[in-house]
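Enquirer: Now that you have both chains on their own, put them together as the hints suggest.
One line per chain: the protein sequences are A and B, in this order.
If you read the first sequence in our numbering, its first letter stands for residue 366, the second for the next number, and so on.
If you read the second sequence in our numbering, its first letter stands for residue 802, the second for the next number, and so on.
Worth flagging that the hints you see were computed from the coordinates, not collected in a lab.
Please read these numbers as outputs of a predicted model, since none were measured by experiment.
Nothing false has been slipped in among the hints.
Covered by chain A, per the in silico footprint, the following chain B stretches (three or more residues, Cβ under 8 Å):
(1) 837–846
(2) 851–858
(3) 986–996
With beta-carbon atoms standing in for the labels, derived distance ranges:
(4) A/GLY412 to B/THR818: 53 to 59 Å
(5) A/LEU509 to B/VAL831: 40 to 46 Å
(6) A/GLY609 to B/GLY828: 27 to 33 Å
(7) A/THR499 to B/LEU1039: 49 to 55 Å
(8) B/VAL831 to A/ALA395: 24 to 30 Å
(9) B/GLY828 to A/TRP442: 19 to 25 Å
(10) B/SER1028 to A/LEU564: 38 to 44 Å
(11) B/PRO882 to A/VAL602: 41 to 47 Å
(12) A/ILE376 to B/LEU1052: 37 to 43 Å
(13) B/THR858 to A/ILE610: 42 to 48 Å
(14) A/LEU564 to B/GLY998: 30 to 36 Å
(15) A/ASN541 to B/LEU1052: 32 to 38 Å
(16) B/PRO852 to A/ALA395: 29 to 35 Å
Just some of the chain B residues that point at chain A, by a computed CB distance under 7 Å:
(17) ASN977
(18) TRP980
(19) LEU981
Beta carbons are placed, not taken as given, at the ideal position from N, Cα and C, and that holds for glycine.
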Amino acid sequence: MFRAFPTLLRIGLAEAVAYRAELVIWVLTATAPLISMFIWDRVAEEGPLGGWGQGEMARYFLLTLIVRHITSSWVVWELNENIRTGGLSPMLLRPMHPLVFFVAQNLAAMPLRAVILAPLIAGVMWWRPELMWTPEPWTVALGLLSAALAWVIAFTVQVIFGSLAFFSQQSLGLFNVWFGLWSLGSGYLFPLELAPDWLRQGLLWLPFRATLATPVELLAGLVDGPSALRLVLAQLVWVGVFLGIAALTWSRGVRRHEAVGA
Amino acid sequence: MSLGVAVAALTRASLLTTMRYRASFVGEAVMAVAWAAWTAAPLFVVFDQAPTLAGWTAEEALAVIGFFIIAQGALEALVDPNLRAVVEQVRQGTFDFVLLKPLDAQLYVSLHRTEPIKLVHCLVGLAIVAHSARAIDAGAVELASAALLMLAGLTLLHSLWTVVVSSAFFFVKVDNLSWLIRAGLDAGRWPVSLYRGVVRFVLTFVLPIGLVTTYPALALRGELKPSTGLGALVISVLFGMLARVAWIRSLRRYSSASS
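Isolated chain B (complex conformation) (with noise of 0.2 Å):
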């Protein structure tokens, strides 16, 4: 069985699922645009009180919110969905079967459990992102290097969860930590140059929820220089390597079901 394939086949079966509920699309939809207005209004009540803060006016801090509503969805439509199953099929020992297909493990427990109504999120987190631009006066060089990042920083929340449940197979029930987690990715609706000290540096480096959502929105206003836009990628290409290794070796760990 090709990759391909088996890739189409995952994403084709999330859709039709999603397809059966086509009435909750609008109630999701609405849920979106609440959720977005929700987020932004603790920005425009900072800045009624200051025109700008570290170098950032309002319009340009609002593309942080959009490129952070816009890992939010991703975060709920691809990943948290798809490896919180993994919590649940470790503790129940279902997990063999995921083992047993011909595919590799860590593809298919991406895939299965997508759900592409919640993708409603990113399309409001882009037209956020947008509307930003345009004030900003974004070019394609600017705008082509901030989907380049968000990429990037999408790929590192993954790589993140992928970490986080890996650790499932020594702790089982950690769930509740990757509500910790999203407690603290909050902290990325902010410029990450808004923090100081420790807490920027965690913010970059440890749970790097700056690189996800500050990083692209620089890249937009042409303020990311091109030695620090290397360097997120190279950090998201670190944690894509580290949640390799942590899954391969989370795997030796897995006591089946059956064995």
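Bound-form chain A, shown alone (with noise of 0.2 Å):
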């Protein structure tokens, strides 16, 4: 497995070469954060809100851009497809595992989104210079490692969705509810630091912020020390579930899957 990993890199590059068109179209798409950054701007323009100025208010959502790319993967529309289709079937008599595979296609695409995202973040740089700051090594190195245990969460959230596709027909549709809830519970539309109390509370009980606001506050330096490392270790033990989890329901699933050929 250790031997092909470089082999499937090289591959999903390709690909994404390949459909870079729809890869431009696909990473516009998710784009949120610069109309939010747009709005809080001009919430925060009268004087800064709880600590946040405009500028803390463009680093927040420029971070929540990169981050919602560093995180995002499509292996749940992927499996639904494959699931489906049958073509799975074939995946699974490689002598790895198939989920291996669906890791290196999306992590290979990294690169070529950065460059997508790169004219859009440089634009937010000049538009609000304020925004800079000089972090500290110390959240940089916590906020890479939970940026990483994000990205995990986020992938094995989706691996959960795409394998109910074994079971049911509706596991796109359920994907798209957990994908609202999220949206609003994670830090991706409004920064929860802004948010209502009694909603702040709850969500810190939710795995939602686990895989979005924490490495994005962690990297803007908008935590400090101890809760920073109680966010980190909330994430370690979401990783925890979710694999557990995805583990069940995919070994489950292939036991299941009758499709041609399988």
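Expert: Dropping the structure here:
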């Protein structure tokens, strides 16, 4: 498996380059943080809100955009498609786990995503230069670790919803419900720090913020030491929970799999 | 065949298709309410922090959300399914059958795949607008001008989609493009006056979602100058003419499946 992985990455990159026009469109479709940034910039115009000035707003939403794309994958659609059409059957015959292939496919598109996003990032930095900050090395290190964990959680959640296609025709609809709740609860559309108290407290116990707000707040230097560690620990817990559920739905699902040739 | 009969027949066909799946109506209604709540949620968070924003109160901004939901519902019911079908027909060559019909092709493709069930979203949007109008205490003139501007905005969306679909005759695979435009239209859930500079210009004149959602809301508040309102109507007529020209020019590019 470890010998095959670099090759899989090369295949994934070649695929991403082949479908570059579609990738551009998909990346640009997921730019909602920029809209939120303009709105919250207006909110902070009259003066900082709870320590959030226009610079902090721009920094928060720029990092939200970046982390959203670092952690994004499309394995739920791939799985759904391949389970329904039987495309999964040959993958199951290969001497490695099909999910390894999807991991490589999703990771390999990242350099190209970065290239597509670069002009947008540069534009935001030019528009609001005061978003720049001098991050502490340890928050950056912890933030990058946290972003990696967020990627694992987001990918695993998609695997769970994708493998629901073994059992149900509605798995994509269920994923859309998840996505709707996620965009409200993860800090994607508004900073959780500025949400009403009851909402913020409730969201501490839900998995959504672990996939986005946690790495963003760490990288932006918006949380201090002890609570940063607590947030990363919560991410580890969610990684465990979702990996467990994914292992269960996957193994149960493959046993039920009755597509052509399986 | 008179035009009226054709339009009635196409509408009847879509309605009959919808009635076959009556059970999904309830599901769609539940979805519409949940969708509206989801759309409005960020607004409540913003106005929790700032009582007014660029001269808009929460109730007034809610009207923009209402018009946004109406526009999206109309898009999903009347515009997008109809025009997206064209992309498929052009790709497969079955567009020949459309051209053979003794009816204007643009009119036919604008009606042949309507999904009336999605109009439930428009009802929810109307309810939100009604709530907002009561809070603002809008009079009859304001209501009438808001309705007029809303209709102008919806024809504008239709024109915009027609232009996008016309490009299918050149580039074949454009359904992804309609997703990109939808992401852009998402900006229309906020009053366009909250944006600045280039972004506001684009949302008013290039991808004119501001005209569709903000202007009717301004009319509801009685704050739309008659000249601006007229300007909006002129822009939507111009877009309509642009769409017609784009459509006719693209048809000339169509090399059919058989000839």
